[in-house]
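Peer 1: Residue numbers (our numbering), protein chains in the order written: chain E, 5 to 403; chain B, 5 to 403.
Hints were generated in silico from the structure; no laboratory data involved.
Here the structure is a predicted model, which means the values were calculated and not measured.
Certain hints may be false.
Note that identical chains are pooled: a pair holds if it fits in a single copy or bridges any two copies.
[Unchecked claim] Capping the alpha-carbon separation at 30 angstroms, the derived lysine-lysine pairs in DSSO-like fashion look like this:
#1 K382 to K403
#2 K20 to K61
#3 K287 to K61
#4 K382 to K31
#5 K61 to K334
#6 K20 to K204
#7 K20 to K203
#8 K403 to K204
#9 K334 to K403
#10 K334 to K203
#11 K245 to K334
#12 K334 to K204
#13 K31 to K287
#14 K245 to K61
#15 K287 to K199
#16 K382 to K287
There are 2 protein chains.
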Amino acid sequence: MEKKKDRKFGLGKLRKLAAVVASGMSKIGRRPELTGRELVLEAFMEALDFTRNLERKDIGAIYVGSQSETYEHQIMYGSLVADWLGLLPSGSLRVEGCAAAGALAFRQAVIDIMSGLHDVVLACGVEKMSLRTTAEVTDALMSASESTLEQYSGLTFPAIYALMATSHMARYGSTEQDMAQIAIKNHENALMNPKAHIKKPISESEVLSSRVVATPLKLYDCSPISDGAAVAILANPEIAKHFTDSPTFVVGMGHETDTIGLYEREDVAWPAAVFGACNEAYKMAGVEPTEISFAEVHDCFTINEILAYEACGFVERGRGHLLARQGETKIGGKIPVNPSGGLKARGHPVGATGLCQIYELHLQLLGEAGGRQVENTKFALAVNEGGSNAVATAHILSK
Amino acid sequence: MEKKKDRKFGLGKLRKLAAVVASGMSKIGRRPELTGRELVLEAFMEALDFTRNLERKDIGAIYVGSQSETYEHQIMYGSLVADWLGLLPSGSLRVEGCAAAGALAFRQAVIDIMSGLHDVVLACGVEKMSLRTTAEVTDALMSASESTLEQYSGLTFPAIYALMATSHMARYGSTEQDMAQIAIKNHENALMNPKAHIKKPISESEVLSSRVVATPLKLYDCSPISDGAAVAILANPEIAKHFTDSPTFVVGMGHETDTIGLYEREDVAWPAAVFGACNEAYKMAGVEPTEISFAEVHDCFTINEILAYEACGFVERGRGHLLARQGETKIGGKIPVNPSGGLKARGHPVGATGLCQIYELHLQLLGEAGGRQVENTKFALAVNEGGSNAVATAHILSK
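If we strip away everything but chain E, and leave its shape as in the complex, we get:
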């Protein structure tokens, strides 16, 4: 049988899969004063401000992305959120794909709308990480890698991405300076994001002289440990205008899986799942990479933004570092990437990150991104990844 995903979806015609009628995001960072559920509430209250006529009882289902079991000793987060936001008795569940959990929650919400089961659905992501020590966070993240061989052999996430970086540098001539450009750009963008975790401009020499985490990655190549939450309220496109004058629309999406073990991959410097997910999204939306106005991608480590440039089709394979070197992904460049500051500087509350990206897409498409606004936006791409790029999602939104 032909796989449905190999077919041209929507017969090449731009199809609105679901509408985003509202989005919200908590301030990201160390938030010692708030629990995870309170962070979700902070994001949800902002989302409500985007809407009119929306009553809590309209929300028919709740999808929550989180890795809360480890950080808060709390599973059943769907129930917690439904209760805390006043959305009982609507059905709720948690979805998990490590750092891709937020986008997976969003994706399931889109699929729910597409199924016709509900007209209005809430997707949210949350992580309350700062309760844990860095060693505990490292251990928690490692649960996203293959348990019997790779965890056992002592790999850590910085070490996994260091292997990718080393491979890319050896084969394509990328340098530590190229990676530093990602950190510099994303810190600069975050200065214009009032909700960003890190508000500090950095120089190339500061990045290069920061302490080594896993060669060649240094402290400023790594995203921070953040608390935060983000939400999106989705609706059937036919009724979106009931809730807002300015919805945005999901017009394409993709979701692919790679081996969980790095040891099984043909090429550790190639995020095959990102490539597959993006291609699926492009095909579904009927757009080309060159038509994307800006993107939010998964810069958990600086090297991963370079790999994303290639897998998103913004540049040829093996040349991602050149895009960084030429400054083409800054706001105002050929293809702005991570105007929010990205995982690197907006912050990386694991299960929330995918929805933080959707929040940025929504704001930018509405022209409400303030000092970091990208001009003339039409199509926006969000790429979220989980594990060592073992699961990837891509979403294309438009006005």
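With chain E fixed as given, assemble chain B onto it according to the hints.
Peer 2: Relative to chain E, chain B alone:
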């Protein structure tokens, strides 16, 4: 706005939401020789035997229900399963709702089929619990209850269900003997299930004299700690016959949430989410409780099967224990419940349980349940619950 779930779904006409073209289940129990992923493979290989023409590449998405983070220090289970079963690069994710995770994975698979995104989807559930001590399992399960108040105050899951039992006994006159009937029946049914965890007939005096876990619940009122996995392969109803001559169909489903904290509930002896989920499923299928041929319900503790009788509408509220006392839920009775042996004796591998129920429904509807076969099956109901009945799902299947 009117909530979609408040409308009559499918205009009262029986609608096939998705087809189950195959199902499989590992042997349930202590399986020291196998890892979680190997248990999934065991279940998947059986499912493949149900089908013809099915190629691995037909499977467009993979939904995995598990609480694996705690039991195996392994998240990203979607990726692990996709890799291990040879299903790459199809999109994968894990869904979680504690003991409802299996049915939630199944539900998401149904929704995926309904959305038209994929024609064939895999739902699976898995738990590898026996690596952990009883104290560790108790702690893991408690992560499904409210963290800041109830976990903190030292509640355990047996204690939560003991509160429900005590309340039911005080108000309705149910007795420890009534609860014992559930254990006796389910142990008896499991004798005819070659894959059941517990193969041991028990007498009323054995149940009543077993050691106290949390008054009034004793050892034989509690389900065991099990390893196991189960899967279902779902397809668009229009193409189901391509894969098998005898599919079964999902004709109704429901999903509701209750407060996560027991302290917030009006009535701890009333599983409101089960009631809501069942009503939604009945309405969608256009059937009445009296039309159900048999049911698999969530007897994590014997009292919970009694509560389920009431919430499923098999008997009036406050009279569930009478159904047990009269023996009406045995195979051959008015409404057989848990012919598989239930969580109590087939076993309760947390994230797999919901799909173990679907496996039983599928086998029974096909008339392949051997010595435990229920006669003249038409509509079958599965009810899966997570946390202290904080999330519930209901699925109605028919031939």
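Peer 1: Hint numbers the structure violates, sorted upward?
Peer 2: 5, 6, 7, 8, 11, 13 and 15
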